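So the protein lines, in turn, are chains A and B.
Using the working numbering, you'd call the opening residue of the first sequence number 1065 and step up by one each time.
Using the working numbering, you'd call the opening residue of the second sequence number 1065 and step up by one each time.
Since the hints were made in silico from the structure, they are not lab data.
Hints may be right or wrong, so weigh each one.
Since the list gives no way to pick one copy over another, a pair counts as held whenever it fits inside one copy or between any two copies.
Straight line, CA to CA, 16 Å or less: simulated EDC-like cross-link-like pairs of lysine to aspartate or glutamate [to be verified]: (1) Lys1180 with Glu1196; (2) Lys1091 with Glu1230; (3) Lys1091 with Glu1128; (4) Lys1139 with Asp1241; (5) Lys1244 with Asp1231; (6) Lys1091 with Glu1188; (7) Lys1091 with Glu1148; (8) Lys1139 with Asp1175; (9) Lys1244 with Asp1254; (10) Lys1091 with Glu1263; (11) Lys1237 with Asp1177; (12) Lys1139 with Glu1196; (13) Lys1244 with Glu1230; (14) Lys1091 with Asp1231; (15) Lys1091 with Glu1196; (16) Lys1139 with Glu1212; (17) Lys1237 with Glu1222; (18) Lys1266 with Asp1241; (19) Lys1266 with Glu1212; (20) Lys1091 with Glu1273.
Note that the coordinates shown come from a computational prediction; the quantities given were computed from them, not determined experimentally.
Chain by chain, the residues:
Protein chains: 2
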Amino acid sequence: MRIPDGPAFIPNLRKRGGIHVPMSKRKAGSFIPLPAEPIVLVGANIGGRPNFMAAGFAGGVNHEPEIICVSLSRKHHTPIGIIENGTFSVNVPSIDYVVETDYCGLVSGRDVDKSKIFTVFYGELGTAPMIEEFPIVCECRYTGQRMEFTTDIAYFGEVVQVHVEEDLLTPGKKAIDAIKARAILYDRLDNTYRAIGDEVGKGWASGREYGA
Amino acid sequence: MRIPDGPAFIPNLRKRGGIHVPMSKRKAGSFIPLPAEPIVLVGANIGGRPNFMAAGFAGGVNHEPEIICVSLSRKHHTPIGIIENGTFSVNVPSIDYVVETDYCGLVSGRDVDKSKIFTVFYGELGTAPMIEEFPIVCECRYTGQRMEFTTDIAYFGEVVQVHVEEDLLTPGKKAIDAIKARAILYDRLDNTYRAIGDEVGKGWASGREYGA
Chain A
1065 MRIPDGPAFI PNLRKRGGIH VPMSKRKAGS FIPLPAEPIV LVGANIGGRP NFMAAGFAGG
1125 VNHEPEIICV SLSRKHHTPI GIIENGTFSV NVPSIDYVVE TDYCGLVSGR DVDKSKIFTV
1185 FYGELGTAPM IEEFPIVCEC RYTGQRMEFT TDIAYFGEVV QVHVEEDLLT PGKKAIDAIK
1245 ARAILYDRLD NTYRAIGDEV GKGWASGREY GA
Chain B
1065 MRIPDGPAFI PNLRKRGGIH VPMSKRKAGS FIPLPAEPIV LVGANIGGRP NFMAAGFAGG
1125 VNHEPEIICV SLSRKHHTPI GIIENGTFSV NVPSIDYVVE TDYCGLVSGR DVDKSKIFTV
1185 FYGELGTAPM IEEFPIVCEC RYTGQRMEFT TDIAYFGEVV QVHVEEDLLT PGKKAIDAIK
1245 ARAILYDRLD NTYRAIGDEV GKGWASGREY GA
């Protein structure tokens, strides 16, 4: 397991008897302080033609049904397609497609035809364009809910079906190997795309070491 | 740069003349298909006492002002504090605090007093409890906006001030080194916490290789 060097890496902090090391902090202003965010391409058909835009503001908001939020700048072209069809897609890129992914954030579908960059396929909803070359993609039904802000509007979509590269699935197993998928993240703190690193804990489990 | 092995790692895909490799896909059902999400502790005072909960549904939604969304299960205790004070905090853990972070998702503030796990400090808002031991924390003013779903409710907060560990800041430089911060992510695909990996591209820049 490769973990960055640190002055005090103690996996089970309970063992150090509740001793904590407060850090000296400085005010750094107002920004979204998240070192790891998803980076995805949001797809929608506009006038019957697929368009894709890079989105760093994307994430789950609900289970049962599974609902995903994409918050898109008011300047973007893609929302037109979301409203037009009531559907959109969320496409998770691999490391191999960093260039295309970033490109889809640099240019607008208003000015450039982005329909030929990828091999596009459609699923159950019929109108949510998905990317064959990406390892994990999903089609979403716009719930009709949206939240308006000054620069962006958040759109909410129910995940109707996830389509996953065959090699990433293990029969009878729910988990998907993100390392094998060569998935990436967006590091907002220094505006970089990064690979996903080694496991450092299990969700809903590591905390038992503390006494839960 | 350490990058997982892949059959076709070609950083500049334009060079391969638009040849793409469609992947054979399988339907995998309905879930949030994101391999990298932030994992944070959302803090709020409840009856004057700080409480923290782990949240995997957290992310930016707007710039100018900077607004962050945290979507929290209806069962959780923390929303009471968000409504009570109109403030909350978002605390970004380091690898060293995986156990505590997960613990704060396993137990509810309704049943367990989580106010003594960390050294707590307050900033400009006075009522958003922040964690001294975490490298990057921020205080948020609840905008009053929320979006209701079946299992969760999304709350929106304006980031009033980010407080960052002194060592992570470089005078005159905006970027913060997430590797040095030993930041983690939540991999929803197999329910693990992971370290943040090597840089594989630059935001709003890598795409120029494609022709933007």
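Okay, the hints, checked on the actual structure:
1. Lys1180 with Glu1196: Only inside one copy: lysine 1180 and glutamate 1196 sit 12 Å apart there, 49 Å across copies, limit 16 Å.
2. Lys1091 with Glu1230: Classified as between; 9 Å across copies, 47 Å inside a copy.
3. Lys1091 with Glu1128: Answer is neither; intra-copy 39 Å and inter-copy 18 Å both fail.
4. Lys1139 with Asp1241: neither (35 Å within a copy, 30 Å between copies)
5. Lys1244 with Asp1231: Intra 9 Å, inter 34 Å, cutoff 16 Å: intra-copy only.
6. Lys1091 with Glu1188: between (49 Å within a copy, 10 Å between copies)
7. Lys1091 with Glu1148: neither (44 Å within a copy, 25 Å between copies)
8. Lys1139 with Asp1175: So lysine 1139 and aspartate 1175 pass the 16 Å test inside one copy only (12 Å; across, 46 Å).
9. Lys1244 with Asp1254: between (25 Å within a copy, 12 Å between copies)
10. Lys1091 with Glu1263: Answer is neither: 31 Å inside a copy and 26 Å across each miss the 16 Å cutoff.
11. Lys1237 with Asp1177: neither (39 Å within a copy, 36 Å between copies)
12. Lys1139 with Glu1196: neither (27 Å within a copy, 38 Å between copies)
13. Lys1244 with Glu1230: within (12 Å within a copy, 36 Å between copies)
14. Lys1091 with Asp1231: between (46 Å within a copy, 12 Å between copies)
15. Lys1091 with Glu1196: between (44 Å within a copy, 13 Å between copies)
16. Lys1139 with Glu1212: within (13 Å within a copy, 26 Å between copies)
17. Lys1237 with Glu1222: neither (23 Å within a copy, 40 Å between copies)
18. Lys1266 with Asp1241: within (14 Å within a copy, 24 Å between copies)
19. Lys1266 with Glu1212: neither (35 Å within a copy, 29 Å between copies)
20. Lys1091 with Glu1273: The answer is neither: 33 Å in one copy and 36 Å across copies each exceed 16 Å.
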